[in-house]
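Undergrad: Listed below, chain by chain, are the residues.
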Amino acid sequence: MKVTLKVWKQNGKNGQGELKSYESPDVSPDCSFLEMLDLVNNDLESKNQEPIGFDSDCREGICGTCGMVINGVAHGPGHGTATCQLYMRQFKDGDVLTLEPWRATAFPVIKDLVVDRSAFDRIIQAGGYISVGTGAAPDGNAIPVPKENADLAMDAAACIGCGACVASCKNASAMLFVSAKVSHLALLPQGEPERERRVIAMVEQMDKEGFGACTNEGECEAACPKQISISNIARLNREYWRAKLLEQPVRVEKGG
Amino acid sequence: MRVTSILLKVLMAITGLAWFGFSITHLTANFLILKGADAFNGYAEGLAKFGPLLWVAEAGLVLLLLAHVGSAFRVTRMNKVARPQGYVVSQTRGEATLGSRTMAIGGVILLAFLIIHVKMFKFGDWSGGNGLHGLVVRSFKNPLIVGGYVLAMIAFGLHLSHGVASAFQTLGILKPSWRPRLKEIGFFIGWAIAFGFAALPIATFFFV
Chain A
1 MKVTLKVWKQ NGKNGQGELK SYESPDVSPD CSFLEMLDLV NNDLESKNQE
51 PIGFDSDCRE GICGTCGMVI NGVAHGPGHG TATCQLYMRQ FKDGDVLTLE
101 PWRATAFPVI KDLVVDRSAF DRIIQAGGYI SVGTGAAPDG NAIPVPKENA
151 DLAMDAAACI GCGACVASCK NASAMLFVSA KVSHLALLPQ GEPERERRVI
201 AMVEQMDKEG FGACTNEGEC EAACPKQISI SNIARLNREY WRAKLLEQPV
251 RVEKGG
Chain B
257 MRVTSILLKV LMAITGLAWF GFSITHLTAN FLILKGADAF NGYAEGLAKF
307 GPLLWVAEAG LVLLLLAHVG SAFRVTRMNK VARPQGYVVS QTRGEATLGS
357 RTMAIGGVIL LAFLIIHVKM FKFGDWSGGN GLHGLVVRSF KNPLIVGGYV
407 LAMIAFGLHL SHGVASAFQT LGILKPSWRP RLKEIGFFIG WAIAFGFAAL
457 PIATFFFV
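Note that the protein sequences, when read in sequence, are chains A and B.
So the first sequence is numbered by this note's numbering: it starts at 1 and just counts up by one.
So the second sequence is numbered by this note's numbering: it starts at 257 and just counts up by one.
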């Protein structure tokens, strides 16, 4: 099968972008979408033309590196899958596919479909540390965690930080990402000591990076390859105003 | 205190829910129009007897509205800045609704409606016979005014169809098990209230 690609070509964040057309070689329907792009790039390189810039790493849906908007949908037509988990059989012979990068002020384009997602790293950094004992491995069940909370925390921890929530949100909001990270730790005793400080710092960093606010549509949840629930966003909101109500003035201790 | 996007959204949700509550009491009182001039005017005069208390309540409503509009304005601006360049091909996954995509423009229409509405009735000419009831009935015999009201109530229904459920999600005060029903309940209540408001000018136009 063959498809026509209309790919967003852009050099750097200040470059003028435009769509450029490419024809794919004849590929098997069982070829993965990214392999198809590899074949297109092989073709381009053999003709001494510039290949299409796109990001990928593990190619098994666990790293969150790949990601692009395919015909207006983040990660393409699959449900609960990343771009690397798409196969050509999900398209039809002769389809025209428009490929665009995540579009958000906080995710500047590096090249074509590759964007800089380090804003997410800075949000994680702002969250800071958690209080876990280091040293020997702890005894199993030494810290009791209710089964329900363990499940919810695990669901939230499934977030791979791919940025599809931002890409599919009409406001380019990072609320689903931040809510997953905040929920993951707020639900566990290990995250309890820094619970208030963490949520305030992460939300402030999120705003500083230039992400938008949440309209509560749920487009992010539908696009998320890990199917993170927007119930996490409700929890984030609750955690945030709870933390603001409990907030203590920062205590400065004298150095010795 | 740093004003974050979540604080703005929480402010918008609380003020929005307060106005939602007010709109329910307003709608309930409106049905007195159908009962007749004495019942409706009696209610209006009863309210006026509260005097300074009523002014405080009215000033409160204006403040709530200003906070709602102000926070909406800032959040909308923030959202525009977050995505200056849209997608060439744009598609939703079916979660977005007409209501959720028209909150800002719908809000502007509702604000314009509110100003006209208050000027027309609260600060209108009650002396043309039958007091406020007479003024309302005479106004709702004008097809232009009735049409305008119905259009504004469509905007209101759209606004509430997303806004009510969205406010609860923003406050994060409902159990997650409510979430699947929340969207539908908010949609239903929102449109029910808008239909209630729209029914009165239509009923007055044809039947009173």
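Possibly wrong hints are sitting among the right ones.
What the hints assert, rightly or not - In silico DSS-like cross-links for lysine-lysine, where the CA-CA straight-line distance does not exceed 25 angstroms:
{"id": "1", "chain 1": "B", "residue 1": "K336", "chain 2": "A", "residue 2": "K111"}
{"id": "2", "chain 1": "B", "residue 1": "K291", "chain 2": "A", "residue 2": "K226"}
{"id": "3", "chain 1": "A", "residue 1": "K244", "chain 2": "A", "residue 2": "K226"}
{"id": "4", "chain 1": "A", "residue 1": "K92", "chain 2": "A", "residue 2": "K13"}
{"id": "5", "chain 1": "A", "residue 1": "K9", "chain 2": "A", "residue 2": "K170"}
{"id": "6", "chain 1": "A", "residue 1": "K13", "chain 2": "A", "residue 2": "K147"}
{"id": "7", "chain 1": "A", "residue 1": "K2", "chain 2": "A", "residue 2": "K92"}
{"id": "8", "chain 1": "A", "residue 1": "K13", "chain 2": "B", "residue 2": "K336"}
{"id": "9", "chain 1": "A", "residue 1": "K170", "chain 2": "A", "residue 2": "K226"}
{"id": "10", "chain 1": "A", "residue 1": "K9", "chain 2": "B", "residue 2": "K431"}
{"id": "11", "chain 1": "A", "residue 1": "K170", "chain 2": "A", "residue 2": "K13"}
{"id": "12", "chain 1": "B", "residue 1": "K378", "chain 2": "A", "residue 2": "K208"}
{"id": "13", "chain 1": "A", "residue 1": "K111", "chain 2": "A", "residue 2": "K47"}
{"id": "14", "chain 1": "A", "residue 1": "K9", "chain 2": "A", "residue 2": "K92"}
{"id": "15", "chain 1": "B", "residue 1": "K336", "chain 2": "A", "residue 2": "K170"}
{"id": "16", "chain 1": "A", "residue 1": "K244", "chain 2": "B", "residue 2": "K291"}
{"id": "17", "chain 1": "A", "residue 1": "K111", "chain 2": "A", "residue 2": "K13"}
{"id": "18", "chain 1": "A", "residue 1": "K208", "chain 2": "A", "residue 2": "K244"}
{"id": "19", "chain 1": "A", "residue 1": "K20", "chain 2": "A", "residue 2": "K9"}
{"id": "20", "chain 1": "B", "residue 1": "K431", "chain 2": "A", "residue 2": "K147"}
{"id": "21", "chain 1": "B", "residue 1": "K305", "chain 2": "B", "residue 2": "K291"}
{"id": "22", "chain 1": "B", "residue 1": "K305", "chain 2": "B", "residue 2": "K397"}
{"id": "23", "chain 1": "A", "residue 1": "K47", "chain 2": "A", "residue 2": "K9"}
{"id": "24", "chain 1": "A", "residue 1": "K47", "chain 2": "A", "residue 2": "K2"}
No lab work stands behind these hints, which were simulated from the structure alone.
Undergrad: None of the hints should be skipped; say for each whether it holds.
TA: The hints, checked one at a time:
{"no.": "1", "hint": "B:K336 / A:K111", "result": "23 angstroms, holds"}
{"no.": "2", "hint": "B:K291 / A:K226", "result": "56 angstroms, violated"}
{"no.": "3", "hint": "A:K244 / A:K226", "result": "30 angstroms, violated"}
{"no.": "4", "hint": "A:K92 / A:K13", "result": "33 angstroms, violated"}
{"no.": "5", "hint": "A:K9 / A:K170", "result": "22 angstroms, holds"}
{"no.": "6", "hint": "A:K13 / A:K147", "result": "45 angstroms, violated"}
{"no.": "7", "hint": "A:K2 / A:K92", "result": "8 angstroms, holds"}
{"no.": "8", "hint": "A:K13 / B:K336", "result": "18 angstroms, holds"}
{"no.": "9", "hint": "A:K170 / A:K226", "result": "20 angstroms, holds"}
{"no.": "10", "hint": "A:K9 / B:K431", "result": "45 angstroms, violated"}
{"no.": "11", "hint": "A:K170 / A:K13", "result": "20 angstroms, holds"}
{"no.": "12", "hint": "B:K378 / A:K208", "result": "44 angstroms, violated"}
{"no.": "13", "hint": "A:K111 / A:K47", "result": "20 angstroms, holds"}
{"no.": "14", "hint": "A:K9 / A:K92", "result": "24 angstroms, holds"}
{"no.": "15", "hint": "B:K336 / A:K170", "result": "9 angstroms, holds"}
{"no.": "16", "hint": "A:K244 / B:K291", "result": "49 angstroms, violated"}
{"no.": "17", "hint": "A:K111 / A:K13", "result": "8 angstroms, holds"}
{"no.": "18", "hint": "A:K208 / A:K244", "result": "18 angstroms, holds"}
{"no.": "19", "hint": "A:K20 / A:K9", "result": "7 angstroms, holds"}
{"no.": "20", "hint": "B:K431 / A:K147", "result": "17 angstroms, holds"}
{"no.": "21", "hint": "B:K305 / B:K291", "result": "21 angstroms, holds"}
{"no.": "22", "hint": "B:K305 / B:K397", "result": "29 angstroms, violated"}
{"no.": "23", "hint": "A:K47 / A:K9", "result": "18 angstroms, holds"}
{"no.": "24", "hint": "A:K47 / A:K2", "result": "19 angstroms, holds"}
Hints 2, 3, 4, 6, 10, 12, 16, 22 from the earlier list are contradicted by this structure; the remaining hints agree with it.
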